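**Student:** The numbers in the numbering used here rise by one with no breaks, and the one at position 68 of the sequence shown is 68.
Worth flagging that the hints you see were computed from the coordinates, not collected in a lab.
These figures come from a predicted structure and were not determined experimentally.
Misleading hints may appear alongside valid ones.
[To be verified] Simulated restraints on C-beta separations:
no.: 1; residue 1: Ala94; residue 2: Thr22; range: 30 to 38 Å
no.: 2; residue 1: Ser67; residue 2: Leu102; range: 35 to 43 Å
no.: 3; residue 1: Leu102; residue 2: Gly26; range: 45 to 53 Å
no.: 4; residue 1: Asp89; residue 2: Gly38; range: 15 to 23 Å
no.: 5; residue 1: Trp10; residue 2: Asp47; range: 36 to 44 Å
no.: 6; residue 1: Glu82; residue 2: Val29; range: 12 to 20 Å
Glycine residues also receive a C-beta, built at the ideal position from the N, C-alpha and C atoms.
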Amino acid sequence: MASGDKAVSWQAEPCPSWCVVTHQEGDPVADRLHEDGGRTVPVRVWDPTGAEVREFHVSIHRRDGTSRTWIYIGDGWEQRVEIDVVDIDDVVSAVHSEQAELGG
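Throw the hints in and build the complete structure from the sequences for me.
**Tutor:** See below:
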């Protein structure tokens, strides 16, 4: 559905500009989300047995009819975090501060 359009009767608002979902009339309530396409990033994650490379997905989503937008970061299985978009700058700043302590 083109961003800004209402695709189906259950939509409370038009899709935001970043939504790439093709909404269907029969979508279960739990699946009524606006989502962007996201990005995949290979990252090394700590594991008790050593570092392991996994692909993390970074994406945006918002439940239809709500005002809170989330940034999802995770591997889709074991590790994930969903951060309110209003807090993401603070999290990124904290990560950069930690990185700067390493001289990076």
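**Student:** Could you check the structure against the hints above and give me the numbers of any it violates, in ascending order?
**Tutor:** none
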